[in-house]
Amino acid sequence: MKVCYKPGVRHACEGLSKTFGEPMCAHLDGPPVETFVVQAFFEAIAPAQLDALDNVISQQNQEHSRLEHYHQQQIQRAQYDVDLARRRYEQVDPDNRLVAAALEQQWETQLQALQTAQEAAHRFTQKTVVNQIPSQIRQQFSDLNQHLPQIWSSEQLTSEQRKQLLRSLIARVILKRIAPDQVHVKIVWASGHFSEGVVTPPIWCQADATQYDAILKLTERLWRQGQTDLQIAQALNQAGFRTARNLQFKASSVMKIRRQQQWPSQVSQHKGAEKMDGMWTVQGLATHLGVPIFWIYNRIQNGFLSSDDVVRRPAGFYLIVDDAALITRLRQAVKPSRSTPQSNS
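Each position in the sequence shown, counted from 1, maps to that position plus 1 in this note's numbering.
By construction, these hints were calculated from the structure, which means they are not laboratory data.
C-beta: ideal position from N, C-alpha, C; glycine also.
The hints are all genuine.
Ranges between beta-carbon positions, derived for each pair:
no.: 1; residue 1: R124; residue 2: R78; range: 17 to 23 Å
no.: 2; residue 1: F295; residue 2: I179; range: 58 to 64 Å
no.: 3; residue 1: Q239; residue 2: R173; range: 34 to 40 Å
no.: 4; residue 1: Q92; residue 2: N62; range: 41 to 47 Å
no.: 5; residue 1: N238; residue 2: I179; range: 23 to 29 Å
Between the sequences and the hints, there should be enough to build the whole structure, so can you do that?
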């Protein structure tokens, strides 16, 4: 994949573009991947990790030496078999054509085996031998381990210097999109070992998010409880959910989800409604009693309507219990208040 830097850092597959002149087929947002790789690099240069890397490289080199010796032995054995087959062929009586032909075939077979062994040895020698970390570089890594994270984030290192540091231990990085908002990252180290992890790059559509169903479920449950968009957003953030762009939820984010699901806000449901969830709205009860709405608010504020009679929803509006005895008590309170407007009873 190609690294593109404008308008933002991203990894783009240019296979179709180079081969067929088609647009680039895949884009991965760069910062989440780079953050994961850099953090893995910081952990790798810790002294304990460098010791482990030295041990791994030492074991690999020992195995390389063993295999190199093995290939040399295979060549020596094949050469011995060739020489033996050649001598037998040369010693046969030319008049004995059947035996001569069989020995000649054996000689050719041994020559082919020798060539195969030589080619295998040649391919083996082409493999890269990983050298031990030079003591000077090792000491530099040990010193850097204490301060590199701060230096890295302070922009004291150029992009090229960062690349050189990463390439000193990393052979390659393999990316695989396993979901619209998840990318599997595999870091192959110089030792041949690898580290793996999953990062979450930003995407454009919330519905493509891996946890979208869980987000919808929590949003609907809180919405049905009467919570506001801001309260729902705070709950989503506390639960560890993120938006499609990998940001924290805001009230506007929740409002967008509600509108897509056709879940009206509690305020819009309350506006103009006589009742909600089997309880009176202030407007509905005022109309039912034939009084202004402030008359109801006064009874809430002066305690005439107790906390058992009134529910305040998170959106800030009140609902009054639909109870026959309560309505009768309110009707009785309406009569004296009409005759004495100043009275709060």
